[in-house]
Amino acid sequence: MSAIEHAIPSGFRRTLCIFGREFRGYFTTPLAGVFLVIFLFLTAFFTFNVGGLYERDQADLRPFFQFHPWLYLFLVPAVSMRLWAEERRTGTIELLTTLPFTTANLVVGKFLAAWAFTTLALLLTVPTWVTVSWLGDPDHGAIVVGYLASALLAGSFLAIGSVLSALTKNQVIAFVICAVVAFLVLLCGFPAVLDIVRGWMPGSAGDRLAVALSSMSALTHFDSLMRGVIDLRDVIYFGSVIIGCLYINVLVVDWKKAD
Amino acid sequence: MQRSGKRFIAVVAIVAVAAGLVALNTVLAFTLRSARLDLTQERLYTLSPGVKELVRNLDENVRVHLYWSESVATDLPQYRTLAERVYEFLDELAAASGGKVVLRRVDPKPFSEEEDAARAAGLAVQPVDGTGKSLTLGVVIEGPTDKVEVIPTIGPEDESLLEYEIARRIVSVARGSKPVVAVLSSIPETPPFDPRNPAARGGPPLIIEQLRALFDVRYVDLPADVPPILPEGTSALILVQPRDWSEATLRTIDAWAVAGKPILALVDPWCETDPSVRANAGGAPAGTTFNLGALLASWGIELAGDAGVNGGAPVPLVVGDETFATRVQARSQAGTAMQLAYLPWLSLTKGSLVKDDPIAGSLNAINIMSAGSIRKTPSATTTVSPILVSTERSELIPTMKLGLFGQPDQLLKDFKPSGQKQWLAVRVSGPITSAFPAADGAPASGNANIVVIADADFLQNDTWVQEQRIGGQTVGYSAFADNAGLVVNAVETLAGNRTLADLRSRGEYRRPFDKVEEIRRTAEANYLLEEERLQREIEETQRRISQLQRDRGGGTNALVLSPEQQAELRKLEASVADARKKLRAVQHTLREDVDRLGRRVMLANVVLWPLIVAGIALVWVVGRYQRQRPAAPRAGGAT
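From first to last, the protein sequence lines are chains L and E.
So the first sequence is numbered by the numbering used here: it starts at 90 and just counts up by one.
So the second sequence is numbered by the numbering used here: it starts at -15 and just counts up by one.
No lab work stands behind these hints: they were computed from the structure.
All figures in this text were calculated on a predicted structure; none of them were measured in a lab.
No false leads were mixed into what you were given.
In silico EDC-like cross-links for lysine to aspartate or glutamate, where the CA-CA straight-line distance does not exceed 20 Å: (1) E/LYS334 - L/ASP228; (2) E/LYS397 - E/GLU514; (3) E/LYS117 - L/ASP296; (4) L/LYS346 - L/GLU175; (5) E/LYS84 - E/GLU44; (6) E/LYS334 - L/ASP146; (7) E/LYS334 - L/ASP226; (8) E/LYS(-10) - L/ASP343; (9) E/LYS36 - E/GLU149; (10) E/LYS565 - E/GLU523; (11) E/LYS566 - E/GLU523; (12) E/LYS397 - E/GLU376; (13) E/LYS93 - E/GLU54; (14) E/LYS334 - L/ASP149; (15) E/LYS405 - E/GLU286; (16) E/LYS131 - E/GLU44; (17) E/LYS499 - L/ASP146; (18) E/LYS334 - E/GLU376; (19) E/LYS499 - L/ASP226; (20) E/LYS36 - E/GLU76; (21) E/LYS499 - L/ASP228; (22) E/LYS400 - E/GLU501; (23) E/LYS499 - L/ASP149; (24) E/LYS93 - L/ASP296; (25) E/LYS400 - E/GLU306; (26) E/LYS385 - E/GLU516; (27) E/LYS397 - E/GLU521; (28) E/LYS499 - L/GLU144; (29) E/LYS84 - E/GLU126; (30) E/LYS(-10) - L/GLU183; (31) E/LYS339 - L/ASP226; (32) E/LYS117 - E/ASP100; (33) E/LYS117 - L/ASP284.
The following block holds chain L by itself, in its conformation from the complex (with noise of 0.2 Å):
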C-alpha cells in the first residue's frame, strides 16, 4: 500500500525530471532559436501576407489561427521526429531504459517537454493578438479560445509524431510519415480522404468506416472551437488522441527498446 503512495508522486517527479531535462535540451543547441523564429516568420508572414489581416478591416485572429493546422503539417513533425529516432539512433535508448524511469515517465517527459516547447513558439505570437487589439476591438474571449485550440491540435500533432518517432530510427522518415498521418488526420471526413477509404474498402463496410471516421477531422473540431466555444467534445478529442497516441508509444518503445 505504502509503495502505490510512494510510486505515484515519485512516478510524477520522475516524470517531471525528465520534462525538464528535455525542455532544457532544447535550448542547448541554436535549433531551437531557429524553429522558434521560422514559426513565427511563417505564422506571421500567412496572417498577413496571404491572409490579409490589415486589409480584411476586421478586427479578430481569423486569419491568423487558419493557417495553422496547415503549418503544423511541418512544423510539428520538425519537433517530434528527433522525440525517439535520435535516442533510438544514437543508442541512447539504452541508457535511458537503465535508468530508473518507467517507459511512460520517459514518454510523458517527452511530449510534455515537446509540448511545452511548442506552446512557447505559439505564445511568442502574442504581438499578432497585441496589433490586432490596438488596431481595433476584438472578441478577446474568442480568441482566448482560438490560442487553446491551436496548443490542442499542435499537442496531437505532436502525440502522433512522437508514436511514430519511435517507430524509426531515421528522423526524416518520421517526418514524412508524421505530415502524411497528420494530412490524413486533418482532413479524415473530408471527401478527398473519405474516398481513399472506399477506394481500400469497399462495400458497405467502406462506407460504415467512412461515416465514424467523418467524426474524427481534425479540421472540423478545431474549426467548432475557433468559434469562441469550448465544447466538451472537441477537447475530448484532442485529449483522447493525445492520451491515446501516448498510449501506443509506451507499447512501441518497449517493443523497439530490444532491437
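Starting from the known structure of chain L, arrange chain E on it as the hints suggest.
Chain E in isolation, oriented as in the chain L frame:
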C-alpha cells in the same frame, strides 16, 4: 520470441486504441450535448434567458421541423457539424420550453415525400461548391393555427443570429390573432416603377413584410377632407413622413395620441427615398420634408431648424456625424473618384443605441439617412428620453446643402463639430394636451405613448439588406443592419409587449479597425484642404492668363504679345501644369497613410518581431557558450 510477443501486443494495442478513439468520438458526437463554455463576448452561441422565458410562456404548442439532408452530407463534415449545432440549439430550446416546442428532424432524401414537403414549404436547395451535390438545411415552424414560418437556408454565417430569427418566428406563429397596426403614410406601400432603377424589387419594403409576420399591418387611405377610417381593433399607428395631410387626418392622430394609444412617428426633415422626389428629380434639391402641423409641439418636441428667411417656413436641419458617417463612393470637386465619409448618412453602432431603452438597447447597428435632431420644447409637459443619439463630433447641416446626393467633400470641408449630442429618435411619455381646441372649451388631455424617429429613409431595403442571388434568382436577403429590429421593437414595446425587444439580436456584423478609420478620416480632411488650395491656385493662374491675353498691347500689334508678356505667359502655363501635377500626386497620397500603417504593422510582425526573437536566441546561445568555455578546461583537467 520475447520481441515478437511484444510486437504482437503493440500491433494489437495500436489497432485497439485507434478503434477505441474512433468509437469514443463517434459515440460522443451523438450523445454528449450542451457541455460547452461560450467565451464569445456577446455569448453568441448560448440560449439567452429571454428566449427561455418566451418558449416557456407559450400558450400553445409550436412544432419546429429541422430539414437537413443528412444522407447526402455524410462526407461534408463542415455542413454536418453546422447542422448538428443547429439541431442541438433547437433541442435545447425544446428542452427549455417544457414541452411547448416540439422538435422533429426530417431528412429530405432525393425523390422522397419529405423532399416534396420541403419544396412546398419553400426551403431552398443549396449547391455545395465543387461536389456536384446540393443539400437542404432549413427550419419550418408551425403554430396552433395553420400559420407557418420558414427559414429557407442556414449558412455558417447565420449561426450567431439563429436564436433571434427562430424566436421571432415562434412568436409569429404562436400568436393566435395578430394585433392590427395601421400605417398612415405619404410614401405608398408599393413604390411606383422607377425608370432609373428598373431592377428594383417591387412590393412593400422588407421591414413592412417582417412586421407583417407579427402584426396585421394595414395601410390606411388618407382622403383630402374626411378623417381616415382606421381598421377595427387597431392597436398602434405608424406615421410615415406626414406631408400635406388634411386637418381631419391630423385631428384623428391627435385624438389617438391624447387617448394614450401607441404611435410610432417617422418624421424626416430630408426624405431622399420619397418616390415623389424621384418623379421630379430634374431640380437640384431632392428630398421631402415632413409637416405634422402643431402635433409635435403638443407632444413637447420639435425638430431642429433654422429660422426661415423673411418669416418663411423654417429651413430643416439634418444631423451630420463624423464618427458614424457612412462611407460612399463619390467624386471630389476636382473630379477625383474616392471613398468619402458622407456626414448625413449614419451607420449607428454601439454608443449611439441607448442601452437602457428596450427598443435599441438590444440592437447592434442601425443605418439612417439624413435624420433630423429632436429636441424637447421649453414648454413641454412630457418626458422625452433618447433612443438613438449622435456623438459630440456632430453638427447640424441645412438641407439646402444636400441635394440629391450632395457634395460629400464640401460637407467634410465645412464640418465643424458642435460638441453636442443630437437625439435622432426619442420616446415621449407623460401628460399631453390636444393640439386642437375642443368645441366645448378645455382641450382634451391624456398620457403620451409615442416614439418619434427623425428619419423615414431607413425603411427602404437598400439601407439595411443585401439581396442574395443565385443564377439570377433571389434566394434571400442578408441583413447588414438591424433596421427591421428597430421598427419591430418600437411597435412591440409601444403595444405593451416586450417579449421580442428583450431578445438580444447579437449578431456581430463588423468589428472594423478603429485606428485605420481614424487615419482615413484625417487623410481625407487633409486631402480635401490640399485639393482646394491647388484648385484655387490653378483658377487664379488661369485668371491671370486670361487677363494677360486681354491686356496685350492695344496699338498696332494688338494680336501679338510682347516678349515679356510671352515669357510671363509661359511661366503661368508652367505653373498651372505644375499645380495639376501636384494635384495628381496628392490623389496618390490619399491612401498612403492607411497603406503605410499597414506596411508598418506587417513589417513589425513579419520581420521585426522574429528578428528580436532571433536576437534574444543569439544572445542566449552566445551566453551559454561563454559560460561553458571556462568550465571546459576544468572538466578536461579532472579526467
